[in-house]
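This is what each chain is made of:
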Amino acid sequence: MKIDLIVNKQKKTFLIEPNEYLLDVLRRYDYQSVRRGCDNTSCGVCTVLLDSKPVPSCSVLAIRCEGKEITTVEGIAEEAEKLVHYFGELGADQCGYCNPSMALTVYSLKQENRNASVEEIKNYLVGNLCRCTGYVAQHEAIKRYLGDE
Amino acid sequence: MEIKEFLKPKSLDEAFEVLSASSNNRIIGGGAWIKISLKKVDTLISLEELDLNYIKEENDFYEIGSMTSLRDLEVHDGIKSLASGILSQAISNIMGVTVRNIATIGGSVMGKFAFSDLLGVLQVLDAELVFYQMGIVSVEDFVNMTKIPKDILLAIKIKKQTGKAYFKKIAITHLDFSILNMAITNSKGLKIAVGSRPNIAIRARRTEVFLNGKKAITDDLINEAIDLAMDEIKLGDNSRGSKDYRELLMKTYLKRAIREVI
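One line per chain: the protein sequences are A and B, in this order.
Using numbering that gives the first Met the number 0, the letters of the first sequence map in sequence onto residues 0 to 148.
Using numbering that gives the first Met the number 0, the letters of the second sequence map in sequence onto residues 0 to 261.
These are calculated hints, taken from the structure and not from any lab test.
Since this is a predicted model, take the numbers as computed values, not measurements.
Treat the hints with care, since some could be wrong.
Computed beta-carbon distance windows for the label pairs [said to hold, decoys possible]:
| # | chain 1 | residue 1 | chain 2 | residue 2 | range |
| --- | --- | --- | --- | --- | --- |
| 1 | A | Asp38 | B | Lys158 | 38 to 44 Å |
| 2 | A | Asp3 | B | Ser10 | 21 to 27 Å |
| 3 | B | Lys158 | A | Gly87 | 48 to 54 Å |
| 4 | A | Gly146 | B | Glu56 | 32 to 38 Å |
| 5 | B | Phe60 | A | Gln9 | 43 to 49 Å |
We treat Cβ as the ideally placed atom computed from N, Cα and C, and that holds for glycine.
One chain only, chain A, in its complex shape (with noise of 0.2 Å):
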């Protein structure tokens, strides 16, 4: 079957079955930015926003997406950038698997709340997890973001 989505701001149709996570199809439809990784709702690597809204594509169902708005870290480039500045300027990161799910739910987290305490920021990424770093220095990244303009 057929589904309309914008992603990153562009309608496209995607074909797609009706037991077909959001995921799969993006991926199938070549936007690689958004990871696989636990394919079980605990990871988070695989987050995109969906009207706005950080989910885990992996256990979202594409058809339910019919109409709606999916964004990728591509359809926040410049705000992506920013993030990656603070990353690099604290050392934040190492492979990057996990950067581009964690630049969305960061972003979303900047929609909501500019001023967020580092325990706040803890919370908010919960669902996103980083092999790599222990998670210090990203938080101290993130709360640099998040007071840049």
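Fit chain B to the supplied structure of chain A, relying on the hints for placement.
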């Protein structure tokens, strides 16, 4: 998971008709746990076009549409102040924000998941479920039903209430299901529920009656109440924890909980 057909009904009549047409037709809530709960479905029914995503504040109660996301509930000012914010607090302990953005309160209830952190909280809040066919059913009666009814959950009603409350989820990490959870409110009397035992959350009715009959609750009475609760709340083993471990947890946290809410 196999899905033959997907349907977004335009009316409740249509949704119920399709739901009733086959035992393999199912309603999907947010879909957060669909991978672990559904294997084969003929028609998957999504209620998102039926205006069931809302939180209404009335004079003496809140009405929450079944398609409301857990995240919307968690951050709602009224829910945050309801019974010391116990529902909001319990929701904030479920996975991460991304999952709470898709999971719905209706799906969390209708799944009747044994690990649910919310079914105990809703029971101590004396919440009521509004069904399309069955009408109003208390969450406690729903939990005690042997089968999940073939009906459509429209909304959840929770009376406005103040008073102290305590919620505890014991899990290895934030992303794990509870080994045990506990919800207690003290609004016109103590109400206690224990869940993920590993079975579904239930009220400790005899313990509540015992405690609510006392003028002052001393440590000796709390110890008696814990013995009573250990007798009426049956615990068991599963991969997340042994019965012995759960017993230790329940004794420890029930004492803390009662002390905190009296």
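For each hint, the structure was consulted:
| no. | hint | in the structure |
| --- | --- | --- |
| 1 | Asp38(A) x Lys158(B): 38 to 44 Å | holds (41 Å) |
| 2 | Asp3(A) x Ser10(B): 21 to 27 Å | holds (24 Å) |
| 3 | Lys158(B) x Gly87(A): 48 to 54 Å | holds (53 Å) |
| 4 | Gly146(A) x Glu56(B): 32 to 38 Å | holds (34 Å) |
| 5 | Phe60(B) x Gln9(A): 43 to 49 Å | holds (44 Å) |
Consistency with the previously given hints is maintained throughout, with no hint failing.
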